[in-house]
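There are 2 protein chains.
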Amino acid sequence: MAYLKALERLIESLSKLPSVGKKSAERMAFAILNMDEDDVLEFSEALKNVKEKIHTCPICGNYSEEEICEICSDNTRDTSKLMIVSYPKDVIAFETAEGYKGLYHVLNGVIAPTRGKGIEDLNFTSLIKRIEEGNIKEVIIATNPTVEGETTGLYIAKKLENYDIEITRLAYGLQMGGALDYTDSLTLVRALEGRRKL
Amino acid sequence: MAYLKALERLIESLSKLPSVGKKSAERMAFAILNMDEDDVLEFSEALKNVKEKIHTCPICGNYSEEEICEICSDNTRDTSKLMIVSYPKDVIAFETAEGYKGLYHVLNGVIAPTRGKGIEDLNFTSLIKRIEEGNIKEVIIATNPTVEGETTGLYIAKKLENYDIEITRLAYGLQMGGALDYTDSLTLVRALEGRRKL
Numbered sequence: 144m145a146y147l148k149a150l151e152r153l154i155e156s157l158s159k160l161p162s163v164g165k166k167s168a169e170r171m172a173f174a175i176l177n178m179d180e181d182d183v184l185e186f187s188e189a190l191k192n193v194k195e196k197i198h199t200c201p202i203c204g205n206y207s208e209e210e211i212c213e214i215c216s217d218n219t220r221d222t223s224k225l226m227i228v229s230y231p232k233d234v235i236a237f238e239t240a241e242g243y244k245g246l247y248h249v250l251n252g253v254i255a256p257t258r259g260k261g262i263e264d265l266n267f268t269s270l271i272k273r274i275e276e277g278n279i280k281e282v283i284i285a286t287n288p289t290v291e292g293e294t295t296g297l298y299i300a301k302k303l304e305n306y307d308i309e310i311t312r313l314a315y316g317l318q319m320g321g322a323l324d325y326t327d328s329l330t331l332v333r334a335l336e337g338r339r340k341l
Numbered sequence: 144m145a146y147l148k149a150l151e152r153l154i155e156s157l158s159k160l161p162s163v164g165k166k167s168a169e170r171m172a173f174a175i176l177n178m179d180e181d182d183v184l185e186f187s188e189a190l191k192n193v194k195e196k197i198h199t200c201p202i203c204g205n206y207s208e209e210e211i212c213e214i215c216s217d218n219t220r221d222t223s224k225l226m227i228v229s230y231p232k233d234v235i236a237f238e239t240a241e242g243y244k245g246l247y248h249v250l251n252g253v254i255a256p257t258r259g260k261g262i263e264d265l266n267f268t269s270l271i272k273r274i275e276e277g278n279i280k281e282v283i284i285a286t287n288p289t290v291e292g293e294t295t296g297l298y299i300a301k302k303l304e305n306y307d308i309e310i311t312r313l314a315y316g317l318q319m320g321g322a323l324d325y326t327d328s329l330t331l332v333r334a335l336e337g338r339r340k341l
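Chains as they are written, first to last, in this note's numbering: chain Z, 144 to 341; chain H, 144 to 341.
Careful: at least some of the hints might be erroneous.
[Unchecked claim] Using 16 Å as the maximum straight-line C-alpha spacing, the simulated EDC-like pairs for lysine to aspartate or glutamate come out as follows:
#1 Lys191/Z <-> Glu151/H
#2 Lys159/H <-> Asp179/Z
#3 Lys196/H <-> Glu195/Z
#4 Lys191/H <-> Glu151/Z
#5 Lys148/H <-> Asp179/Z
#6 Lys148/H <-> Glu188/Z
#7 Lys232/H <-> Glu213/H
#8 Lys272/H <-> Glu304/H
#9 Lys159/Z <-> Glu151/H
#10 Lys159/Z <-> Glu304/H
#11 Lys148/Z <-> Glu209/H
#12 Lys191/Z <-> Glu188/H
#13 Lys159/H <-> Glu188/Z
Because the hints were derived from the structure by calculation, they are not lab data.
Generate the whole structure from the sequences, applying the supplied hints.
What follows is the structure in structure tokens.
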């Protein structure tokens, strides 16, 4: 006996979620069968809704429920600063941290030759367009501190060097609340290089 | 900035899945945003469908897409044998393994006093009804080999002792393909107790 068709179909969909294998998908499907009907319908609606309501902001590439996203359309933000991040979740991380009032540009990926991802797969043309409009004075590279993130950041910095803008990148260093002896050596070296006068 | 409302709603639903915390739910929600629209709509439909189409078989308590489940309505099965399991997934495990052609009864849980679960929360009245109908000659207790599963099995065996039926339980022993030195001591003792003549 195989699974009931309706169950099989749900397991199939659940298996497409990140880090969900066949076994977890089965466990989830059985849990869903045991949920209140209202919760399942709400889940189903939330899925449909997320694709219907959320699209990409044509200016910065971040997710938005409005035509232009909340940040791009907020005229209290400092439009002279542009932070370049790889993913929408990085914007959320910075917005949650507060302390940055400039604008963002979401590349929506990284350059990853081994996975066949080049600059043409990133939200890059619109970045150049924003820079050529001339308001931006500083571009802050905030790609992830990984090999692919760094490569992407360096590539973009290179492409922007002929424009009259300051290009900076986030500091590498110790994590707040972290312990020196639990910090990897590369980070330690970077923290040393980036030391500042007290 | 908080998440977009549609995203927040989806994260909320995903967090209700077993072993999915806030962070995994967020990661899943972002993956869903990156999925093809068709895949997301299919997922949404599959969820709605699973609750609409699947209900509990009134005879055995297993999940079914028909009024009476596939197994209860299959007249090639041996109606003199009844295997008692805790969950629908246990039926699937046995059906996948093949080799059993009797009927099942799904309790849909275990007796777990610490979680306030008693016999009245299980699919037990319908079990007695089936047994009183008189066809069943053997009841095979196949609850999980856990404390709660064993307790439930013993309780049911006790309740059935006044009926003229044979009550058996699954053998405990070594796992096929397993290694002796990786088998826990309780299982080793049970395997020894259950030894058979060659």
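Outcome of the hint check:
1. Lys191/Z <-> Glu151/H: holds, 13 Å
2. Lys159/H <-> Asp179/Z: With a Cα-Cα distance of about 11 Å, the restraint between Lys159/H and Asp179/Z holds, given a limit of 16 Å.
3. Lys196/H <-> Glu195/Z: violated, 25 Å
4. Lys191/H <-> Glu151/Z: holds, 13 Å
5. Lys148/H <-> Asp179/Z: Given pair Lys148/H, Asp179/Z is violated - Cα atoms ~22 Å apart, limit 16 Å.
6. Lys148/H <-> Glu188/Z: holds, 13 Å
7. Lys232/H <-> Glu213/H: holds, 15 Å
8. Lys272/H <-> Glu304/H: holds, 15 Å
9. Lys159/Z <-> Glu151/H: violated, 20 Å
10. Lys159/Z <-> Glu304/H: violated, 48 Å
11. Lys148/Z <-> Glu209/H: holds, 11 Å
12. Lys191/Z <-> Glu188/H: holds, 9 Å
13. Lys159/H <-> Glu188/Z: holds, 15 Å
Hints 3, 5, 9 and 10 from the earlier list are contradicted by this structure; the remaining hints agree with it.
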